[in-house]
Every structure is written in structure tokens, then in C-alpha cells.
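Residue numbering for the sequence shown follows our numbering, beginning at 4 and increasing consecutively.
Check before you lean on any hint, since a few could be wrong.
Pairs of lysine-lysine residues, derived as DSS-like cross-links and limited to a Cα-Cα distance of at most 25 Å, are as follows [what the hints assert, rightly or not]: (1) 99 with 163; (2) 40 with 28; (3) 40 with 126; (4) 126 with 99.
Listed next, with one range per pair, are the computed distances between beta-carbon atoms [claimed, not checked]: (5) 11 with 225: 15 to 25 Å; (6) 212 with 96: 20 to 30 Å; (7) 37 with 213: 36 to 46 Å; (8) 100 with 139: 31 to 41 Å; (9) 100 with 219: 35 to 45 Å; (10) 63 with 160: 34 to 44 Å; (11) 228 with 99: 24 to 34 Å; (12) 15 with 126: 36 to 46 Å; (13) 196 with 163: 41 to 51 Å; (14) 156 with 9: 20 to 30 Å; (15) 225 with 155: 23 to 33 Å; (16) 160 with 126: 17 to 27 Å; (17) 129 with 151: 36 to 46 Å.
Hints in this document: simulated from the structure, not taken from any laboratory.
Think of the CB as a built atom: it goes at the ideal place given N, C-alpha and C, for glycine as much as any other residue.
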Amino acid sequence: WDRAGCDESSTGIFLIGTSTGSVYKGNIVEGKEKYWKEIFSLNDSAQPICGLECEIFPATNKAASERRYLIIAATPTRYYEFIGGPTYDSLFAHYKAASAGGSACFIELPGDQDYTSLHFFRKPNARARSLAWLTGPGIYSGSLSFGSQNAGDSIIYDYKLIPYSCPRGEGGDARGSLSTPVSSLSSASPCAIGLLSTEFHWLVLFHDRLQVIEQLSEEVVWEKE
């Protein structure tokens with residue numbers, strides 16, 4: 004959602020990812036669809052876009068035509084970073100011209116799940132400052148640093164992969180520590196089915212339990228079956 008462009012009668016411009024790897028741009032005014040247009044495709048129908056987040060780079064002294072966006076699209080095994088502007092169309096036009104998105108910065112992690120979840124954390128009326136991505140091996144998290152990046156660059160730093168923990172009493176210490184290396188995880192380690200991010204914690208939903216994980220210690224601080 005373009006949070007700055009919506010009001011009581013209009014959604015403003017919004018982006019939606021599809022199950023076939025496409026990104027659509029839309030707008031709804033007074034309850035009616037104003038337009039609906041495909042503006043980008045990953046050209047891989049086997050990779051559904053399950054998460055999509057957008058943020059505007061900080062304003063500079065340049066003209067409004069220099070507005071830049073960060074858009075991150077997540078599939079079950081990859082996330083892509085898109086940077087550009089001053090509109091969504093011109094941003095994605097660059098990546099379509101560059102070998103169908105070949106210049107997009109992306110991270111790939113193993114997994115056989117067919118879903119994922121992607122979240123930015125931002126305080127009210129503030130710019131996003133971190134992201135969390137649900138993957139097969141665990142929670143991929145990182146901080147966002149907006150600067151002079153351009154297409155093909157990454158704005159994510161201090162990134163790390165936090166392996167999922169076993170339920171308390173099924174391995175690890177009593178605190179449910181998540182310090183186990185990814186390489187030593189059992190192939191039977193369950194994948195989470197839902198993820199939310201707050202300023203200091205992640206809420207991770209499994210089929211049989213809900214865990215709250217402290218970001219600083221990377222430990223489970225609350226669990227409910």
C-alpha cells in the first residue's frame with residue numbers, strides 16, 4: 004500500500020503478488036476498481052509471491068521526480084529486492100528490461116514448503132527499519148538501511164537466520180534456545196506456518212503451538228500449545 008496516497012474514498016495505488024509470480028498494480032476508488040494492471044513477472048509460475056512489502060526512501064533535496072521505492076517480494080524459497088522510481092511502473096520497467104529481472108538482488112534458501120510470510124516492522128508514521136521472512140530453515144531477519152542504493156543493490160544489513168526451536172522439553176535447554184546451528188537441525192524439524200514481527204519479539208505459529216521469541220537473545224520467552 005502507498006500509505007501516503009490513500010484517503011477515505013480511495014485506496015491509493017497498491018501492489019498485489021499472485022500465485023503465478025506476477026505483480027499487479029491496482030486502485031479502488033469509492034468501492035469500485037479504477038484499474039488493475041500487471042507490471043512485473045518473475046517468469047517462474049512455480050514460484051508464488053506470498054509476501055510483498057514497500058517503503059519509500061527518505062526525501063532528499065532533489066525534485067519529486069527523484070522519489071525512490073524499495074519493494075521486497077518473497078516466494079517460499081527466495082526474496083527479491085527492487086529499488087527505483089519515481090513510479091512503480093518505471094521501477095519495474097528497469098528490471099523487465101534487464102533480462103526479465105535478472106539484475107534484481109535476491110537471497111535463496113532451501114525449503115520444500117509452498118508458502119511463506121514477509122513482514123516489515125515500522126513504528127506508527129515512521130519508515131520501516133527491519134524485516135522478518137519465514138523460510139524452511141528458520142526466520143530470516145535483517146535491518147534496513149536507506150541510503151544511495153540503486154537497482155541491483157541491497158539495503159539489508161545485520162541479516163541472520165534463526166533456526167526454529169523444538170517445543171520445550173524436546174531438546175535444547177529449558178529456555179527453548181535457538182542457538183542450534185542450521186547444519187545440525189534434524190530434517191524433521193517443523194516449519195512454522197505463520198510469523199509476525201514486533202519491535203522486540205517475533206511471534207511464530209506452528210501447527211501445534213505459538214512461540215514468542217526475543218530478538219536480542221534469540222530465545223523462546225513464551226510458548227502456548
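Results of checking the hints against the structure:
{"no.": "1", "hint": "99 with 163", "result": "violated (30 Å)"}
{"no.": "2", "hint": "40 with 28", "result": "holds (5 Å)"}
{"no.": "3", "hint": "40 with 126", "result": "violated (31 Å)"}
{"no.": "4", "hint": "126 with 99", "result": "violated (33 Å)"}
{"no.": "5", "hint": "11 with 225: 15 to 25 Å", "result": "violated (38 Å)"}
{"no.": "6", "hint": "212 with 96: 20 to 30 Å", "result": "violated (45 Å)"}
{"no.": "7", "hint": "37 with 213: 36 to 46 Å", "result": "holds (39 Å)"}
{"no.": "8", "hint": "100 with 139: 31 to 41 Å", "result": "holds (32 Å)"}
{"no.": "9", "hint": "100 with 219: 35 to 45 Å", "result": "holds (43 Å)"}
{"no.": "10", "hint": "63 with 160: 34 to 44 Å", "result": "violated (21 Å)"}
{"no.": "11", "hint": "228 with 99: 24 to 34 Å", "result": "violated (47 Å)"}
{"no.": "12", "hint": "15 with 126: 36 to 46 Å", "result": "violated (21 Å)"}
{"no.": "13", "hint": "196 with 163: 41 to 51 Å", "result": "violated (21 Å)"}
{"no.": "14", "hint": "156 with 9: 20 to 30 Å", "result": "holds (29 Å)"}
{"no.": "15", "hint": "225 with 155: 23 to 33 Å", "result": "violated (40 Å)"}
{"no.": "16", "hint": "160 with 126: 17 to 27 Å", "result": "holds (19 Å)"}
{"no.": "17", "hint": "129 with 151: 36 to 46 Å", "result": "violated (21 Å)"}
Hint check: violations occur at hints 1, 3, 4, 5, 6, 10, 11, 12, 13, 15, 17; the rest are consistent with the structure.
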